[in-house]
Amino acid sequence: MADWQVSSAQVLRAVAHSDVVPCGDQLCADLDPRGTRSGDRTQYRAVRPRP
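Going by full-length UniProt numbering, 38 is the number at position 38 of the sequence shown; the sequence numbering is gapless.
Check before you lean on any hint, since a few could be wrong.
What the hints assert, rightly or not - Ranges of calculated distance between the beta carbons of each label pair, as one might list FRET restraints: (1) A2 / C23: 26 to 36 Å; (2) A2 / R34: 33 to 43 Å; (3) T36 / S7: 15 to 25 Å.
Honestly, the hints are just simulated from the structure, not real lab data. Think of the CB as a built atom: it goes at the ideal place given N, C-alpha and C, for glycine as much as any other residue.
Kindly generate the complete structure, drawing on both the sequences and the hints.
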């Protein structure tokens with residue numbers, strides 16, 4: 001598999017296991033307030049897993 005295919009599969013797997021729903025043209029997520037943060041300004045938070 002090509003690198004982009006592996007990356008795409010990882011993203012799809014992560015979304016499938018996360019509690020996200022469509023909100024118009026965007027996604028809404030149930031954020032975990034105690035979840036890990038990432039990004040150069042820690043602007044991203046972990047999303048709760050699907051129940």
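Exercise for review: Find the hints from earlier in the document that the structure breaks and name them by number, from lowest to highest.
Suggested key: Failing hints: none at all.
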